[in-house]
Amino acid sequence: MTDTAAVRSVVVEREMAHRPEKVWRALTEGQLIEQWLMANDFQPVAGHRFTLRTSPVPGWNGIIECEVLVVEPNTRLAYSWGTMGMESAVTWTLTPTAGGTHLRMEQSGFKPDQEANYKGATYGWRRFIGNMERVLGELD
Amino acid sequence: MSVIANHVFKALADPTRRAIFEGLTRDGEQTVHALTRRAGISQPAVSKHLTVLKRAKLVGHRREGRETHYRARPDALAPLVDWMAMYGAFWRDRFDRLESLLERIDK
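Protein sequence lines, in the order shown, are assigned to chains A and B.
Those letters in the first sequence? Residues 5 to 144, by this note's numbering.
Those letters in the second sequence? Residues 19 to 125, by this note's numbering.
Bear in mind the hints are in silico, worked out from the structure with no lab data behind them.
Positions of the beta carbon are idealized from the N, C-alpha and C atoms, including for glycine.
Mixed in with the good hints, there may be bad ones.
Some chain B residues judged to face chain A by a derived CB distance under 8 Å, without partners named [unchecked claim]:
{"#": "1", "residue": "22"}
{"#": "2", "residue": "27"}
{"#": "3", "residue": "31"}
{"#": "4", "residue": "59"}
{"#": "5", "residue": "70"}
{"#": "6", "residue": "73"}
{"#": "7", "residue": "96"}
{"#": "8", "residue": "101"}
{"#": "9", "residue": "105"}
{"#": "10", "residue": "109"}
{"#": "11", "residue": "112"}
{"#": "12", "residue": "113"}
{"#": "13", "residue": "116"}
{"#": "14", "residue": "120"}
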């Protein structure tokens, strides 16, 4: 089924001056993931369920429920991403380039979770993003 | 979260309603009868789903004779678009962190 809500996606792409093998490590080794994304119990095994955790904020418990969907070493990694009553999937694609790696992240398939209680959910997430942007602002 | 955003998320949480909304987006205006044929559920059930979609302002309607015609109002997806804009900010920040991590680790 095509789904208007589902086909919308968020894409972030960047040229990284590092080989795909190294970028892959940062995307798939739990201890490294923690340093740029969140605390986790990730394993690069399709079907593995894991959580990403950050400090709770009012309106959000800081937990993202995930399941590994695709593991193609040094090339492609995908996992589901569920939090605050919203489900989606995150797909990483690594393409070797002359200078390193073209890294592409696509988050797609956004749809509300049937079980969820949406009230206040966005508020918590907004707080989370807001705090992050404030911290970044202070670094300038 | 605003009341209307809450309605939008609740309306789209149901797969049948998503399918109805998608059908209207893709194929344009349709009558309840046409929607019922495609949905494979009873007309009262379709009408109930349409009521939820109307409350979320995801569909509009007009009467013509005895038939009511429904159409999608994709602008109502704005709360979902806001949500995605926040994710955009989130991931750009995480890319920055990833890039500086890559600078720090060897190999």
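*Minimum Cβ distance from residue 120 (chain B) to chain A below 8 Å?*
Where the cut-off is 8 Å and the nearest Cβ of chain A is about 5 Å from residue 120 (chain B), the hint holds.
*Are residue 22 (chain B) and chain A close enough, Cβ to Cβ, to be under 8 Å, as the hint says?*
violated, 12 Å
*Measuring from the C-beta of residue 70 (chain B) to each C-beta in chain A, is the shortest one below 8 Å?*
violated, 12 Å
*May I ask you to test the interface hint for residue 31 (chain B) with respect to chain A, counting a Cβ-Cβ separation under 8 Å as satisfied?*
Since the shortest Cβ distance to chain A is 4 Å, the answer is holds.
*Answer holds if the nearest beta-carbon of chain A is closer than 8 Å to that of residue 105 (chain B); otherwise answer violated.*
Since the shortest Cβ distance to chain A is 5 Å, the answer is holds.
*May I ask you to test the interface hint for residue 96 (chain B) with respect to chain A, counting a Cβ-Cβ separation under 8 Å as satisfied?*
At 12 Å from the nearest chain A Cβ, residue 96 (chain B) fails the 8 Å test, so the hint is violated.
_Restraint: residue 109 (chain B) near chain A, CB-CB cut 8 Å. Satisfied or not?_
holds, 4 Å
_residue 112 (chain B) was flagged as interface toward chain A. Is the shortest Cβ-Cβ separation under 8 Å?_
holds, 6 Å
*Against chain A, is residue 116 (chain B) within 8 Å by beta-carbon distance?*
Holds, because the Cβ-Cβ distance from residue 116 (chain B) to chain A comes to roughly 4 Å (cut-off 8 Å).
_Hint validation: residue 27 (chain B) versus chain A, beta carbon distance must be below 8 Å. Holds or violated?_
Residue 27 (chain B) check passes; min Cβ-Cβ to chain A is 4 Å, inside 8 Å.
*Is the hint on residue 101 (chain B) kept, meaning its closest Cβ partner in chain A is under 8 Å away?*
holds, 6 Å
_Hinted contact residue 59 (chain B) with chain A - closest CB pair below 8 Å_ = Since the shortest Cβ distance to chain A is 15 Å, the answer is violated.
Consistency with the previously given hints fails for numbers 1, 4, 5, 6, 7, ordered from lowest to highest.
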